[in-house]
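S.K.: Let the sequences and hints guide you as you build the complete structure.
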Amino acid sequence: MPNKSIEQIAQDYQNAYKKITGRVVICGGTGCIAGGSLKVYEAFQQEMEKRHIGFCLQITKDCHENYLSMSGCRGFCAMGPLVSVGDIFYTKVKPQDVPEIVEKTLLKGEVIDRLLYHNPANNQKAKTVEDIPFYAKQERLLLHDCGRINPEDINEYIAHGGYAQAKRAYTQMTDEEVCKEMIASGLRGRGGGGFPTGKKWDLTRVEPGPKKYVICNADEGDPGAFMDRSVMEGNPHAVVEGMMIAARAIGADEGYVYVRMEYPLAIQRVRKAIEQAEKIGLLGKNVFGSGKDFIIHVMEGAGAFVCGEETALIASVEGKRGMPKIKPPFPSQSGLFGKPTVINNVETLATVAKVMEMGADEFRKIGTLGSPGTKTFAVTGHIANTGLVEVPMGTTLRQVIDDVAGGTTNDDGTVNKNAFKAAQIGGPSGGCLTREHLDLPLDFDSLKSVGAMVGSGGLVVMNDKTCMVNVARFFLEFTQRESCGKCVPCREGTEQMLTMLNDIVEGRATLKTLENLEDLAKAVQKSSLCALGKTAPNPVLSTLKHFRDEYLAHVVEKRCPAGVCKALARFEINPAKCKGCGMCKRACPVSAISGEVGKPHQIDPKKCIKCGGCKSTCKFGAVVTA
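For the sequence shown, my numbering assigns the number 121 to the initial residue and increments by one for each residue that follows.
Hint data in this document are derived by calculation from the structure and do not stem from the laboratory. There's no promise every hint is true.
Cβ-Cβ distance ranges computed for the label pairs, FRET-style [said to hold, decoys possible]:
no. : residue 1 : residue 2 : range
1   : Pro343    : Pro695    : 37 to 43 Å
2   : Ala696    : Lys730    : 19 to 25 Å
3   : Glu716    : Lys214    : 28 to 34 Å
We put the CB at the ideal spot given by N, CA and C, even for glycine.
M.R.: In structure tokens, the structure reads:
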């Protein structure tokens, strides 16, 4: 039972916060840290100490000065490191910018124009977060507090309404009522298949037995995906509270956070969140005086992608090799150590308290009838604004790419919305969306209807210079490497598919190769044991469906239309652009280029080894691939 009520903790924090004269928040997400935000944080401390400006690093009743804090990921990764001083929002901040920020903004309230976000669409500068289209066109339900609160301060989380819904679940609701609330909300699992969360909980609740478990699946391994990592880093207490509510719903007294060891910051903050909750009596014995116990362990996974599959994850927690099992029985019947178990991913659990706070009816007003609520997407690739976005379910692909993320870019980074070619959604297990899908609503059912899936929420945008055959090869190479090897279709099938794709991109394939590839992909899809194997062929099948002409060009014409596959590339020199400088000639290791100084040069295709050195050396864009 809490040593002090959460209501009193919230009141004490709010009273202390009123005494703060100013607040500086530096983004402490992994992306901004990689960009140097920790050095920016240190620079603020040093500058404020140098100027004898009082500041505190944690809100207490004795703090009457400026509050300097880190936050979680703010999503606008392309513009980091991010710093806010009150409502003023700065982008791409460097340590050398800090003295000016302290002098002009913190002390005088002046705005430094050069550090504001510049909107290339209208040439306007944005003073606040709300003025930036990237944020303005999102609906940040799950991510609302990420970037606003200190993820390592439980008091701040509580002051923003944290743990109030967990208290309500334990003190005012029965287990059945909690399940009914989730069922009524229509919340579906955000980790892949979209199974109804409340139904999963209720199936586990009615299973007999005194011992049950809750597992948070934080084994996020999809290339380009970082949604769960960002939530754990930015608002770990929301995950803990979601696990507590799930435990109340099914009657569990023990839970595990299974997180991949490649997420050290997420692990650190989740562990700290659990320790803080235990310290003030929210976790452990007699939760909220209900007579019910709940403890949470953190287990670091070894990085195997297959452990994202729930039965393989359970095996790993049990100390066994992470390999999937045949279902049924389902984890709700026989899960961890043979006991009924609920497994939800990070995003699902972090949404639970929000659902209960809003109420099922209000939550259903967001999104679509079949897919209520919001969904986070990690948008990467050829896109103006890479980062983490959250939009209502049913938002179209075009709206995410153009309105939120700023549009597709050319290889040089310039925005060209007409350059969009495809988007890979849902990671390697997802599918390929094309120009014909730009107005497709991004929800569970709509994506399933075109052979794709929401998956984890990874969204890789590709421009018209992308080779889709090579993209399929990239994702299949990943899943083949990550196969646990338990079942023959996945173990052998993905390896043979990869061999065929290598033959295609290296010019050895025939039309029979293409036929065999498609047949084998369908066989692996149908006969593999778990979801990893069943979905591994998706990138191949979807690109074959939508970009068969590219496959045929590789196989029949021995040509890569995008000029990406080196074995099939044909390097030529455009005489209109060639200055005759001789740089390409000197770079060629096999003397395949000839020409006089000041005159257009030529490439001998018989001598060319297709290394690409000429193209990378040319400063005038004269060397092209055909």
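S.K.: Find the hints from earlier in the document that the structure breaks and name them by number, from lowest to highest.
M.R.: 3
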